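Student: Hey, can you work out the whole structure from these sequences and the hints?
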Amino acid sequence: MRKPYIRQPLDSPLKAFDNAQFEWMPMLTVRVGRRLEPQRIRLEALLDTGSPFCLFRADVGRSLGIDFDKGIPVPIGGPSEGPGEGPRTVAYFHNVQLSVEDLWTVEVRAGFVEHLAFGCILGRRGFFENFKAVFDHSTVPPCVEVYRI
Amino acid sequence: MASTAPRPRKVELCEKLAQAPRNRWLAVDPEDRRLVGTGGDIETALAEAKERGVCDPILVWSPASPIIRV
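Chains as they are written, first to last, in this note's numbering: chain A, 1 to 149; chain B, 1 to 70.
Derived by calculation from the structure, the hints in this document are not laboratory data.
Just so you know, these numbers come straight off a predicted model, no measurement behind them.
Do not rely on the hints blindly, as some may be mistaken.
What the hints assert, rightly or not - Okay, derived cross-link-like pairs now, EDC-like style, lysine to aspartate or glutamate, Cα gap no bigger than 20 angstroms in a straight line:
hint, chain 1, residue 1, chain 2, residue 2
1, A, Lys70, A, Glu101
2, A, Lys132, A, Glu145
3, A, Lys3, A, Asp102
4, A, Lys132, A, Glu101
5, A, Lys3, B, Asp32
6, A, Lys3, B, Asp29
7, A, Lys3, A, Glu23
8, B, Lys50, B, Glu31
9, A, Lys3, B, Glu31
Tutor: Listed below in structure tokens is the structure:
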């Protein structure tokens, strides 16, 4: 399955990159549901090889009826370190059913986070261990090809 | 000469979302990429979409600040 990236608007131009006013992002459409239940919520998800985990906003968990903060807690943070370090938070992990582009369904252990800038992030554990992705930036827009392993 | 090739629908969606409310869930019609609902919670966005006849929208989180994240 090949899918073009989505163009995300930015608040201010990227001065270091010809004042670009948007950023191309690799996004897939997923459905998520509790284990052994239909995947009820359909949302845009960011493909993020830099994330060790699949993450959802906590309100996705609440909407699914998951008691999200009863999950397995894992402290997480951004890449910055030292005095300027970004805020740390806790992700609570639960097993969920994930349907990718209505083509494939996998069970993943995903973290639910109170404040997340995306509805869903697809990371290494759960997503990239089940799917191979090829990121092609030779085209405009860039595209991602995804294969079930 | 300007290109006349049709742009991907997803690009058009982005331009709509740039004008959308922040810090809210957005419900988007999967067929024509219209914004059909917004809400501070998922249920409100889904209910607005349903009122507009879209029962299975795609939900997109519109962050408070669209900055570059690494």
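Student: None of the hints should be skipped; say for each whether it holds.
Tutor: Going down the list of hints, with the structure as the test:
1. A:Lys70 to A:Glu101: Status violated; Cα separation ~29 angstroms.
2. A:Lys132 to A:Glu145: With Cα atoms ~8 angstroms apart, Lys132 (chain A) and Glu145 (chain A) stay inside 20 angstroms; holds.
3. A:Lys3 to A:Asp102: holds (13 angstroms)
4. A:Lys132 to A:Glu101: holds (14 angstroms)
5. A:Lys3 to B:Asp32: holds (17 angstroms)
6. A:Lys3 to B:Asp29: Distance ~18 angstroms between Lys3 (chain A) and Asp29 (chain B) Cα, so the pair holds.
7. A:Lys3 to A:Glu23: holds (16 angstroms)
8. B:Lys50 to B:Glu31: Cα-Cα ~14 angstroms, so holds.
9. A:Lys3 to B:Glu31: The given pair, whose Cα atoms are some 16 angstroms apart, holds under the 20 angstroms limit.
Hint violations for this structure: number 1 only, all remaining hints satisfied.
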